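2 protein chains.
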Amino acid sequence: MIPTITAFEQSPDNGLGLARDMPVRWALEEVGQSYDVKLVSFAELKAPDHLALHPFGQIPTYQEDGLTLFESGAIVLHVAQSRAGLLPENAHARSRAIMWMFSALNTIEPVVWDYDIAPLLEGDKPWHAERMIMLEGRLRTRLASLSGRLGADDWLDGAFSAGDLMMVSVLRRLQGSGLLEEFPNLAAYMQRGEARPAFKRAFDAQWAVFSARSS
Amino acid sequence: MIPTITAFEQSPDNGLGLARDMPVRWALEEVGQSYDVKLVSFAELKAPDHLALHPFGQIPTYQEDGLTLFESGAIVLHVAQSRAGLLPENAHARSRAIMWMFSALNTIEPVVWDYDIAPLLEGDKPWHAERMIMLEGRLRTRLASLSGRLGADDWLDGAFSAGDLMMVSVLRRLQGSGLLEEFPNLAAYMQRGEARPAFKRAFDAQWAVFSARSS
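Line order of the protein sequences matches chains X and E.
According to the UniProt record's numbering, the first sequence is numbered sequentially starting from 1.
According to the UniProt record's numbering, the second sequence is numbered sequentially starting from 1.
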């Protein structure tokens, strides 16, 4: 039985692949697992059927053999722990790869998200510019630390792992901000992730959803 | 060899046990693993020795048998996956318990954190009150969803797990805000977590650090 995930019927990102189904699609492609997609409208997200799968009324969800998961990080980790290809065999290296998943989602993403979403939430407020300076400073501090740790390496800890998949997914939200370019090794790291064949297949699949709706 | 964790020499939380060493201490107590603690000053957090362990210059870190981890979520998961007591045996239930860890850290904590930290970061700004209304609304929406899913159950998915440990740890940051009391089942859930003997041992251990410094 192949897993079924949910994704936005009409993603607000205009086909950029920034919604949270993207890391899940990417992980499934990396391990060579085919999957079905159920598209969900914004109205359906808050309907009882979907809330039974995802109490916060969001995407993605993951269903397989009687297991239902939500949270993109948890789904990627489940895929990585149940199939070969996204986590090292060595136990210590495996724990460190998982550490980078948490780091992406709990240390980097919150500051990326606040920075990215502020123009939408409060762009019309007279204090928006003042807030953006604070948010940008906070984000730049974290990116500088991440850049320092990555150094000249290709990936965060040896071979490409679920940790890199999650970190690249989070950094992609900064595309177009100019901030990533202040840290050339992080910009190159993100591009290295996006150049992976599995990433491209995942990107194309979500793009197909977008272009079918807009044509 | 028993693991060594790092914690603040002087926690900014005045002994409330809100710093991120607390869920790690709690997890170690739940599985019956003794541990050493290295206290770190604020100056030492940003020194090369500590940055080699934790690139973002924070606590906690975890060292054991040549493995170094940072990120409280990753450390708790490592402890839970390498010892019995914090994850169910059944594979599906295990994936769901880990899902709740990600949910605590990636869906609940960011909105809790923004709400909690705003008075410190921008309490002196003329637009602070306006922002707090937005932050409180966003947080209340998430808490309502969580409360709906918990319902009348004791824990989020069957027996107490690392998912509950992480969720209770995140909710504790709302103590005193009055917000948790709007959702009596969440307030009771948090208290149920705090009543666990392992929680109390962890709390007392961090309290001892605080009281030794303040006496």
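Since the hints were derived computationally from the structure, they do not count as laboratory data.
Any given hint could be a false lead.
The list treats identical chains as interchangeable, and a pair is accepted whether it falls inside one copy or across any two copies.
What the hints assert, rightly or not - The list that follows gives simulated cross-link-like pairs (lysine to any residue, SDA-like), each with its CA atoms no further than 25 Å apart: (1) K38 / W155; (2) K125 / G137; (3) K125 / A152; (4) K46 / L150; (5) K125 / R173; (6) K38 / G158; (7) K125 / R20; (8) K200 / T141; (9) K125 / R140; (10) K46 / L18; (11) K200 / A129; (12) K46 / G57; (13) K46 / S34; (14) K200 / W155; (15) K38 / F210; (16) K125 / R138; (17) K38 / I133; (18) K38 / E181; (19) K200 / D13; (20) K200 / D36; (21) K200 / P126; (22) K125 / G151; (23) K38 / N90; (24) K125 / A52; (25) K125 / R201; (26) K46 / S214; (27) K46 / G32; (28) K125 / D157.
Because the structure is a prediction, the values reported are computed rather than measured.
The hints, checked one at a time:
In the homo-oligomer, the alpha carbons of K38 and W155 never lie at most 25 Å apart, since the shortest distance is 32 Å inside one protomer and 30 Å across protomers. Proximity of K125 and G137 under a CA criterion of 25 Å is satisfied in both settings, with 20 Å inside one chain copy and 17 Å between copies. For the identical chains of this complex, K125 and A152 are neighbours neither inside a copy (41 Å) nor across copies (41 Å), given an alpha-carbon limit of 25 Å. Proximity of K46 to L150 under the C-alpha cut-off of 25 Å is restricted to the inter-copy arrangement: shortest distance 17 Å between copies versus 40 Å within a copy.
Only within a single protomer do K125 and R173 lie at most 25 Å apart by alpha-carbon distance; the minimum there is 23 Å, versus 28 Å between protomers. When the C-alpha separation of K38 and G158 is checked against a cutoff of 25 Å, the pair qualifies neither within a copy, at 35 Å, nor between copies, at 28 Å. Taking identical chains as interchangeable, the C-alpha atoms of K125 and R20 are never at most 25 Å apart, the minima being 28 Å within one chain and 34 Å between chains. In this homomeric assembly, K200 and T141 never come within 25 Å of each other (Cα to Cα): the closest approach is 30 Å inside a single copy and 35 Å across copies.
When the C-alpha separation of K125 and R140 is checked against a cutoff of 25 Å, the pair qualifies both within a copy, at 23 Å, and between copies, at 22 Å. Proximity of K46 to L18 under the C-alpha cut-off of 25 Å is restricted to the intra-copy arrangement: shortest distance 21 Å within a copy versus 33 Å between copies. With identical chains, the CA atoms of K200 and A129 are never at most 25 Å apart, being 36 Å at best within one copy and 45 Å at best between copies. When the C-alpha separation of K46 and G57 is checked against a cutoff of 25 Å, the pair qualifies only within one copy, where the shortest distance is 5 Å, while the shortest distance between copies is 40 Å.
Neither within a single protomer nor between protomers do K46 and S34 lie at most 25 Å apart by alpha-carbon distance, with minima of 27 Å and 45 Å respectively. Proximity of K200 and W155 under a CA criterion of 25 Å is satisfied intra-copy only: 18 Å inside one chain copy versus 40 Å between copies. In the homo-oligomer, the alpha carbons of K38 and F210 lie at most 25 Å apart inside one protomer (14 Å), although the nearest pairing across protomers, at 51 Å, exceeds that limit. Taking the shortest Cα distances, K125 and R138 sit within 25 Å of each other both inside one copy (20 Å) and across copies (18 Å).
Proximity of K38 and I133 under a CA criterion of 25 Å is satisfied in neither setting, with 40 Å inside one chain copy and 35 Å between copies. Taking the shortest alpha-carbon separations for K38 and E181, neither the intra-copy value of 36 Å nor the inter-copy value of 37 Å comes in at or below 25 Å. Only within a single protomer do K200 and D13 lie at most 25 Å apart by alpha-carbon distance; the minimum there is 17 Å, versus 46 Å between protomers. Taking identical chains as interchangeable, the C-alpha atoms of K200 and D36 lie at most 25 Å apart only when both belong to the same chain, with a minimum of 17 Å there against 46 Å between chains.
For the homomeric pair K200 and P126, neither the shortest alpha-carbon distance inside one copy (41 Å) nor that between copies (47 Å) is at most 25 Å. In the homo-oligomer, the alpha carbons of K125 and G151 never lie at most 25 Å apart, since the shortest distance is 39 Å inside one protomer and 38 Å across protomers. Taking the shortest alpha-carbon separations for K38 and N90, neither the intra-copy value of 36 Å nor the inter-copy value of 27 Å comes in at or below 25 Å. Taking the closest pair of Cα atoms, K125 and A52 never come within 25 Å of each other, the shortest separation being 37 Å inside a single copy and 41 Å across copies.
In this assembly of identical chains, the alpha carbons of K125 and R201 never lie at most 25 Å apart, being 40 Å within a copy and 47 Å across copies at closest. Proximity of K46 to S214 under the C-alpha cut-off of 25 Å is restricted to the intra-copy arrangement: shortest distance 23 Å within a copy versus 50 Å between copies. In the homo-oligomer, the alpha carbons of K46 and G32 never lie at most 25 Å apart, since the shortest distance is 32 Å inside one protomer and 42 Å across protomers. Taking the closest pair of Cα atoms, K125 and D157 never come within 25 Å of each other, the shortest separation being 42 Å inside a single copy and 42 Å across copies.
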